[in-house]
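J.: Using the hints, position chain B against chain A.
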Amino acid sequence: MFGLNKIIPVEPNINFLGLRRNFLIFSILAILISISLLSIKGLNLGIDFKGGTLIEVSTKNTSIGELREILSSSYSDVSLQEFGNENIILIRLQNKSNQESIETVNSVKNLIQDKVLEFRRSEFVGPTISSELLFRGFQAVSFALIAILIYIWLRFEWQFGFGAVVALTHDVLFTLGLLSILNVEFSLATIAAILTIAGYSINDTVVIFDRVRENLRKYKKLELVDLFNLSVNNTLSRTIMTSLTTLLALVSLFIFGGEVIRPFALTMIIGVIIGTYSSVFIAVPTLLIFKFRPQDEDD
Amino acid sequence: MKNYPFWKSFTVVTLVLLGIIFAIPSIIYDEDSENWFLKNKINLGLDLQGGSYLLLEVQLDVLYKEELDNFVDSVRLISRDQAVKIEKIDIQENEVVVFFGNKEKIKDIKNSFFQMYRGVTLQINNNKLSIKLNDEYRKIIQDSAIKQSLEIVRKRIDESGTKEPLIQRSGKKRILLQLPGVKDPERIKDLLGKTAKLTFHIVDNENTSALQNNLAPFGKIIVPDMYDENTKYLLDKRAVVGGENLVDAKGSFDQTEGHAVSFRFDTEGAQKFGKVTTNNIGKNLAVVLDGVVITAPRISSAITGGSGIITGNFNAQEASDLAVLLRAGALPAPLEIVEERSVGAGLGADSIAAGQIAAIIGMVLVCIFMILIYGTFGALANVSLIVNLFIIISLLGTIGATLTLPGIAGIVLTIGMAVDANVLIFERIKEESFKQTKVFQIVKNGFDRAMSTILDANITTLIAAVLLFAFGSGPIRGFSITLSLGVMASMFTALMLTNFLVYMYLSFANKKELKL
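Line by line, the protein sequences give chains A and B.
The first sequence begins at 1 in the numbering used here and counts up one residue at a time.
The second sequence begins at 1 in the numbering used here and counts up one residue at a time.
Extracted from the complex, chain A is given alone in its bound form (with noise of 0.2 Å):
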C-alpha cells in the first residue's frame, strides 16, 4: 500500500483558532463589501429574473459588429455578445409585454436568417413569470436554509444550529458579492448551486462539529480553544480532501462541460471555497461565544 497521504503530518497541529481574529476580520469586511455591491451595483439578472428574450445563433460568414448593425438599426435596446466562441452570439432583448416579445423573436430571426446557420436556443420569459420566479427562488432558498438549521438543530446542540446560520449567511453573502464583482450571470441555475453550497458548506460543517461533540465527551478538562483546534486539525485531511475533489470535479466541469453550464460551475466553485473556509474559521470559532461546561464559566 502506497499513498502520499502519508506525507501530509499524521497529526496536524495548526493554531487555527488563534488566527480567529484575523479571519474574523477579514470575513466581517468581506461581507460588508458584498452586501453594499448588492445594493449599489447588484447582481447581473438573466432573462429567468429579469425578463426578456434571448436568442443563440451559430452564423455563418459574418461578425457580430455586422449582425449588431443590422439589429440595432430596428432595435434601441438589442444587446450581442460571442458565447464561447466567435461564430456563436447571444443576442439579447428587453420587452414590454407578452405579445411584442413574440413578435421580437419572429422578426429578429428574418432580420438575420442568411447570416444564420442554425437557431440554437431561443427563450423568452414573460414579466409575470420572472417575478414568480424570482419569489420561488427565494422562497427556495430561505426554506432549504430553515430545514437544515431545524436538522442541526435536532441533531446537535442549540448552540451548533446557531453556529452553522452564521457561516451558512457568510457564505451565501460573500458569494453573492463575488459574483456581484465577477458579474456573473445570475439565473435559475446560479439559485440551484447556491443551494448545493449551502448544503455542502453545512456538511463540511457537521463533519467538524461531529468532531467538535465526540470531543467534546472526550476531553472533559482540555480548554474549549484547544479542543476546538484539535477537532479542526483531527478532520482536517478529510476537509482537504472532499473540497479538492469536488473542486477537481467543477473544474472539470467549467472547463469542458459547455458554455451554458459555466456560471454555475463558476459560481460553485467559489461557493466550495467559500464553504471550506467558513466552516474552519467561522463556524468553530462562533461556538467560542457559548460556554459548554459548567466549569468554563469560572474562567
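Calculated from the structure, these hints are not laboratory results.
Treat each hint with caution, since some may be false.
What the hints assert, rightly or not - Below, in silico cross-link-like pairs of lysine-lysine (BS3-like), each with a Cα-Cα straight-line distance of 27 Å or less:
#, chain 1, residue 1, chain 2, residue 2
1, A, LYS109, B, LYS163
2, B, LYS220, B, LYS183
3, B, LYS512, A, LYS220
4, B, LYS435, A, LYS221
5, B, LYS132, B, LYS110
6, A, LYS218, B, LYS105
7, B, LYS85, B, LYS128
8, B, LYS183, A, LYS109
9, B, LYS183, A, LYS60
10, B, LYS438, A, LYS218
11, B, LYS128, B, LYS88
12, B, LYS147, B, LYS65
13, B, LYS155, B, LYS197
14, B, LYS220, B, LYS272
15, B, LYS183, A, LYS115
16, B, LYS275, B, LYS250
17, B, LYS132, B, LYS172
18, B, LYS512, B, LYS438
19, A, LYS109, B, LYS194
20, A, LYS291, A, LYS221
21, B, LYS85, B, LYS105
22, B, LYS163, B, LYS65
23, A, LYS218, B, LYS444
24, B, LYS250, B, LYS220
25, B, LYS173, A, LYS50
26, B, LYS172, A, LYS50
27, B, LYS88, B, LYS237
28, B, LYS155, B, LYS173
29, B, LYS132, B, LYS183
30, B, LYS275, B, LYS232
What the hints assert, rightly or not - Label-pair ranges, simulated between beta-carbon atoms:
#, chain 1, residue 1, chain 2, residue 2, range
31, A, LEU32, B, GLN92, 50 to 56 Å
32, B, GLU104, A, GLN139, 54 to 60 Å
33, B, ILE221, A, LEU117, 30 to 36 Å
Unchecked claim - Derived coverage of chain A by chain B (criterion: at least 3 residues anywhere in the stretch with Cβ under 8 Å from a Cβ of chain B; other residues may be distant):
#, stretch
34, 72-78
35, 103-116
36, 145-156
37, 233-244
38, 257-269
Beta carbons: idealized from backbone N, C-alpha and C, even for Gly.
T.: Only chain B this time, still in chain A's reference frame:
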C-alpha cells in the same frame, strides 16, 4: 473471509450487478428498440434533445368581459320589454351598473334577470341595479375555459405533426407544453396564438351613417377588414352560423381565387346556412375570424349543400394553417405565451457531448487523485465511484426521470462529492490504526465511527436537493434529481460496497498490519 456475513456480500453483489445491468439500456442508446428491457432508458430533457417548452396563459379577463357584455344585452332586452328607459350603463372590472330612468319596475327587471343568470349578485340601490359576477361563477367560467383550451391546444398540436407532446394544466390559468423535436417553434406559436373564432354575419349595407359615425346601433357591430384597417363593415351582431358547426376544413386551390380554405358544415349548420342564404340573396355575407373580416362576398344564390370555400389573400401555408385551426375549433379565450424555451437539436447534442467529456475528465482526475493519496484503498474507492455512476444512470432510467443539462452538472458534482464518504471512512481507519493493531478491528471501527458523520453530512445535502425539487422548475428539477440520487447512491457504495471491497482485499492480501 473473516467475519463477513454471507447475506451482506450477497446483497452488495446483487445490488451492484442490478445497478450495472439496468444502466446498460441508457448507455448503449438504441433508438426505437423493440426489446422491453432496452426501453428502460433515460429520457432526455428538451434542453438536451432539442424542442420547445411553452407556457400559455388563458386570458380569462376577456371571458369575464364577454359575460358582462352578455349581461348588458340581456338587461337591455328585459327593460325594452318592460318599457323602462336605461339612462346609463357602467361596465366595471367585475360588475355592471345600470341606471334606469325610473325605479318602479326595477324589481321586476331584477327578477327576470335572475331567471336567466343564477351565478350573479344583484343589488338595487334607488334607480341603480348592479350586477356582479360571483366568485363561483368566475371559477366555473375559468375551469371550463381551461378545460376547453386544453382540448383545443391538444388538437392543434396533434394536427401540427408534433410527436409525443406533453400538454397539461399548470396552476390556475396556465397550460404547459413540452414539444420534443420541434424544429420551427414560430409556426407552433402562430398556431396557438390565434383564437380562431369563425362566424358568419349578414352585412348591413343600408345604414351608412352608423359607419360614418363609427357607432354601432343596438344589435349591430362594426368590424374592420383583415387586410385594411380602414375598411369597416357594419354587421348583424348575431352570427348566422359559426365555426362550431364545421365538420371539416382543408386548404384548397382555386384557379381564379388562388389558395383558399374549403369547409363543410354539419346538418344543423347546413340548414342554418341554407336558410340564411335563401332569405338574403343580394346581400353580403361576412366571414369573420377573430374580430376581423376575411372576406364578405355577395350572396348570389342559396347555398344549401352545406359546404363552401373561404378565400382571402392566403398563401399555401396560411390556408392550410387556417384549415388546421378551423378543424381544431376555436379557443374560448385568447392564449398568451408567457414563457418560451426552445432549444435546437444542435445545441442539445453539443451539451450532451460537453457533459460527457466533463464527467469523464472529472472522473479520471478524481480517480487519479484518490490513488495518489490513498493508494490501494483509493483504488477501491474508485471502484465504488464508478459503480456509483452506474447506479445513478440505472436509477434515472428505471424511475423514468428526465436528464437535463443541470442534471448532467449534478452528476459531475456528485462524482466530486461521492468520494467524501470514502474519505471520511479512510480518515477514521487511519486514526484507528494508531490505536490498535488488529486489522479487521481497525476497519470495523473506522466504518462504525464514520457512519453517523456520513449520515448527518449527506442528509443536509439531501434536504437542499429536495427543496430544490419542490420549488424549482424544469431543468433545475433535473439537477435536484441527479444530486439526490447521487448522494443516496454514494452512501450505499461507501458504506456497503467499499466496506465489502476493503474486507475482500484485506482477506485475500492476508494483511497483518494496516497503515493507511
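J.: Indicate, hint by hint, whether the structure satisfies it.
T.: Results of checking the hints against the structure:
1. A:LYS109 to B:LYS163: holds, 25 Å
2. B:LYS220 to B:LYS183: violated, 44 Å
3. B:LYS512 to A:LYS220: At roughly 35 Å apart (the allowed maximum being 27 Å), LYS220 (chain A) and LYS512 (chain B) break the hint.
4. B:LYS435 to A:LYS221: holds, 21 Å
5. B:LYS132 to B:LYS110: holds, 12 Å
6. A:LYS218 to B:LYS105: This hinted pair is violated, its Cα atoms lying about 92 Å apart.
7. B:LYS85 to B:LYS128: Within the cut-off at roughly 12 Å; holds.
8. B:LYS183 to A:LYS109: holds, 14 Å
9. B:LYS183 to A:LYS60: Holds. LYS183 (chain B) to LYS60 (chain A) sits at ~20 Å (cutoff 27 Å).
10. B:LYS438 to A:LYS218: Roughly 23 Å between the alpha carbons, so the hint for LYS438 (chain B) and LYS218 (chain A) holds.
11. B:LYS128 to B:LYS88: holds, 10 Å
12. B:LYS147 to B:LYS65: Given pair LYS147 (chain B), LYS65 (chain B) holds - Cα atoms ~19 Å apart, limit 27 Å.
13. B:LYS155 to B:LYS197: Within the cut-off at roughly 15 Å; holds.
14. B:LYS220 to B:LYS272: Roughly 20 Å separates the two Cα atoms, so the pair holds.
15. B:LYS183 to A:LYS115: holds, 18 Å
16. B:LYS275 to B:LYS250: Distance ~24 Å between LYS275 (chain B) and LYS250 (chain B) Cα, so the pair holds.
17. B:LYS132 to B:LYS172: holds, 21 Å
18. B:LYS512 to B:LYS438: Since the Cα atoms of LYS512 (chain B) and LYS438 (chain B) sit roughly 8 Å apart, the hinted pair holds (cutoff 27 Å).
19. A:LYS109 to B:LYS194: holds, 20 Å
20. A:LYS291 to A:LYS221: At roughly 14 Å apart (the allowed maximum being 27 Å), LYS221 (chain A) and LYS291 (chain A) satisfy the hint.
21. B:LYS85 to B:LYS105: With Cα atoms ~11 Å apart, LYS85 (chain B) and LYS105 (chain B) stay inside 27 Å; holds.
22. B:LYS163 to B:LYS65: Not OK: LYS163 (chain B) and LYS65 (chain B) at ~36 Å, beyond 27 Å, violated.
23. A:LYS218 to B:LYS444: Holds, at about 20 Å.
24. B:LYS250 to B:LYS220: Violated - the C-alpha atoms of LYS220 (chain B) and LYS250 (chain B) are around 31 Å apart, more than 27 Å.
25. B:LYS173 to A:LYS50: holds, 22 Å
26. B:LYS172 to A:LYS50: holds, 23 Å
27. B:LYS88 to B:LYS237: With Cα atoms ~21 Å apart, LYS88 (chain B) and LYS237 (chain B) stay inside 27 Å; holds.
28. B:LYS155 to B:LYS173: At roughly 19 Å apart (the allowed maximum being 27 Å), LYS173 (chain B) and LYS155 (chain B) satisfy the hint.
29. B:LYS132 to B:LYS183: It is violated: about 46 Å lies between the C-alpha atoms, which goes past 27 Å.
30. B:LYS275 to B:LYS232: The hint holds at about 26 Å.
31. A:LEU32 to B:GLN92: 50 to 56 Å: Once the Cβ atoms are compared, 51 Å apart, the range 50 to 56 Å for GLN92 (chain B) and LEU32 (chain A) holds.
32. B:GLU104 to A:GLN139: 54 to 60 Å: Hint holds: Cβ distance 57 Å, inside 54 to 60 Å.
33. B:ILE221 to A:LEU117: 30 to 36 Å: violated, 49 Å
34. 72-78: Our answer is that it is violated, as 0 residues pass the Cβ test (under 8 Å) against chain B, missing three.
35. 103-116: holds (count 3)
36. 145-156: Since 5 is at least three, the answer is holds.
37. 233-244: Check passed, 7 qualifying residues.
38. 257-269: holds (count 7)
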